[in-house]
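Residue numbers (this note's numbering), protein chains in the order written: chain V, 1 to 500; chain W, 1 to 342.
Possibly wrong hints are sitting among the right ones.
[To be verified] Derived pair list, reagent style PhoX-like, types lysine-lysine, alpha-carbon separation capped at 25 Å:
1. V:424 x V:328
2. V:493 x V:234
3. V:70 x V:281
4. W:230 x V:313
5. W:230 x V:328
6. V:487 x V:270
In case anyone wonders, no lab produced these hints; they're calculated from the structure.
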Amino acid sequence: MREDRSPILELQGITKSFGGVEALRGVDFALHPGEIHGLVGENGAGKSTLMKIIAGVHSEFSGRFLIDGKETHFRSARDAHAAGIAMVHQELSVAPDLTVAENVFLGNQPTNRLGLVQWRRMAREAGEQLARFGIDVDPMSRLGDLPIGLQQLIEIARVLFSGARIVILDEPTSALSPPEVERLFATLRRLREEGTAIVFISHFIEDILLVSDMVTVFRNGRKVAETPSTATSKGALIEAMIGRGGEALEHSYSDDLMLPQPSDSSVILKVDQLSLARSLKDISFEARAGEVLGIYGFMGCGQQELSRILFGKLQPDSGTLAVGGTPKTFASTAAARRAGVALVPESRRAMLFHQEPVYKNISISILDRISSLLLKPAQERDIAQRQVEQLQIRPPVVGLDLGMLSGGNQQKVALAKWLTYPPKLLVLCEPTRGMDVGAKNDVINIVRDLRAKGLAIIVLSTEPETVLSLADRILVLKRGALVREFKNEPVSKDRLLEAA
Amino acid sequence: MASSETAVAAGQRARGLAPFLRSQMRNIAPFLTLIFLSGFFAFASPSFATLDNLGNILTQVSVTGIIAVGLTFVILCAEIDLSIASIANVTGIAVAYFTLQESYVNIPNIPLPGAAAILMAILLCAALGLVNALGLTVIGIPSFIMTLAMMQIAAGISAMLVRGQIAYKVPGLITTLGSGSIGGIPWIVIVAAIMLLGGHLVLTYTRFGRYVYMVGGNREAAEYSGLNVKLILGAVMVISAVCSGIGGMLGVAHFGSAQQNEFDTYLLDSIAAVVVGGTSLFGGRGGIGNTIVGLFVLGVLNNGLDHVNIDSFLKILIRGLILLAALVINVYAQRLREKAVD
Ligand SMILES: Nc1ncnc2c1ncn2[C@@H]1O[C@H](COP(=O)(O)OP(=O)(O)OP(=O)(O)O)[C@@H](O)[C@H]1O
Ligand SMILES: [Mg+2]
């Protein structure tokens, strides 16, 4: 793109392996000031690994690493930070117990001459920074109490305004709804004008094409293509990523899609006048066997709370649920599970055990089905192996610690844990977040399979594409209330956005 | 697919010693400490490395070991139980309270048959554990505070039962297990070994044991997996109290008397044994194997210091420093492991 300037960052022949797994093989990568560089590739292709090398998280690798033409070696993230490199990690890495302001200033709080933190000043400046980014939130509230999308926005804001010369965003938009994505892109463009170099990783290829100047494609730890974004297309990128002629895989959903005749099979879930403080107002709906019900809405519309109530993690102020029985609400997640409800929340960290092997992660919810008193590890591994193969989780080794899997593969494990003994009602929050096109397609097929088996499935998402690709019937949730139902009628991305 | 699996397996083997050692730091460091201490004392004192003295050490750590079994469950869940020593004390006193004492013991007690006395004592400690459990899970009081209160409550019950007096008699079975021996091996060592083994088997081979590790590893994830987290936390608090109670009863028989404040040092010793052994204070890592190593470290240290000629006040300081070092390693090992996974 901007060949006239010399690169601010240059990597040559980077090879990185974890034990015997080669995550990167001989990768060259260059980044210029005032450039937005898009990165795409399948789950496990090595995108995050390369970025973590740049950000000093992984300090052991082979290859040359040059900043401003000078050979450099970061020993820690702190070194990278000092060199002006900041990164938003794929896994949210905020401090949930600190306030919003503390998170914004993490590590460099303003202090007075005595070394005491200037709380008032910190809160004011944090508020101003966030407002510039269109976020309206009390800087003194506890971060962990905010919806996950807002937490992600705050983390992005912190990194964008940290004054770094190189900003790395690893799937930053996965929890954001369209208006926030717009705002993020506007900010990225402004930073580009100021000469910041930006790396942007996403599985949304349209976004990549829209915002970036250069696009690099990774596959199996190798760089397989690098082109100006104006000189390529979605189809070409997908093909480079996964090899098959892949345009068919990614639907754009801008045209009308016809929803089927609503099913009249038995009602599995009946929700009656559910209300929760300021989050949900008078929600009533039904979910039927063999039907996928989509619930769409912007971030913070109450989806998260609704899903938690369905799984007994939150108790509503009023209203009832009935899962094939008498109306009540679940006092605990254990009660919900016994009643046949399963939930995959949007945050992987919330439902996975990073320091435990994959098979223990998959078997945890069904242990009581396979053993009464003593564990049966062999059987657990068998079950896990089957799920790993069915969902094509990479690497297919059930004994590996979960933390060693790439983000998208972890997401698959989160789904896998409920599939061995399918529940009556499966609640999926953002089921395809962080997944590559191929994997998204796999999830769509799995959900259709489960639907054919007679499960009631609820998909909650802030991405119109996710809902459109899966749902037979769609409810739109807006500021805690159901405002529209789409059934047996044409629907498109625009119509959904309009209703929300 | 098959080829990549073998590649990974080969990779794990070829991974090199350093990262492996780093991730195993929590298990290796206590073991090295133990070897180092044993070597040091064996060198410093001829009377240390004898079979007789090994027996002494084993007997000395038995009561701590019994209490530490339950505490291991609690710490694996990332909770703490500060009432262990108090509950041990009150249970030991209770079993004496329900036993006929000599006429010169001036306690208005309620003598019962031996089996009934033991049953009452067990019920008492289980009930106190249940109160801990309810406070933690139903009301939501942090275990640190809840068990601090229980420490006082149990001490209060002890005081009311003995009223400053000392009781001597306990049921025959308890006397045998606490102070008798079979074939030269003290029963109390055998009981401790059986309980440690039992704890290990439960943690390693049962569904409940897996739940304990998972709840400790990531409580939120356990809840999102539909586990009954409160039930599991409640259960470990009761297990801890009952183990403490058993340790208390045998301890009373072992010391030959039941009185107020008799177990005060066992709180620190038990926590130290678990933590020095390498069980993570953040939960989810460690186990009975670690606790056993920790018990030996403490046992060797306490016993060895008696064999070498140093100021007895200095000994207290040395114990404190060793504990501090173990805590540093414990926290550091957690970080190293997180880094290895990252
Ligand atoms: N800490 C680790 N230990 C072992 N293996 C790892 C570790 N981190 C990543 N890997 C492996 O390296 C490979 C590349 O992972 P990486 O996270 O870079 O993928 P990614 O392109 O970011 O994928 P995703 O889109 O799913 O986030 C994967 O096979 C993964 O399992
Ligand atoms: Mg990644």
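Hints versus structure:
1. Straight-line distance between C-alpha atoms of residue 424 of chain V and residue 328 of chain V comes to about 17 Å, which keeps the hinted pair within the 25 Å bound.
2. At roughly 18 Å between alpha-carbon atoms, residue 493 of chain V and residue 234 of chain V fall within 25 Å of each other, so this suggested pair holds.
3. Restraint check for residue 70 of chain V and residue 281 of chain V: the C-alpha separation of about 59 Å exceeds 25 Å, so the hint is violated.
4. Under the criterion of a C-alpha separation no larger than 25 Å, the hint pairing residue 230 of chain W with residue 313 of chain V is consistent with the structure, at around 13 Å.
5. For the hint linking residue 230 of chain W to residue 328 of chain V, the alpha-carbon distance of about 21 Å falls within 25 Å, and the restraint holds.
6. As the CA atoms of residue 487 of chain V and residue 270 of chain V are separated by approximately 18 Å, the hinted pair is consistent with the 25 Å bound.
In this structure, the one hint that does not hold is number 3.
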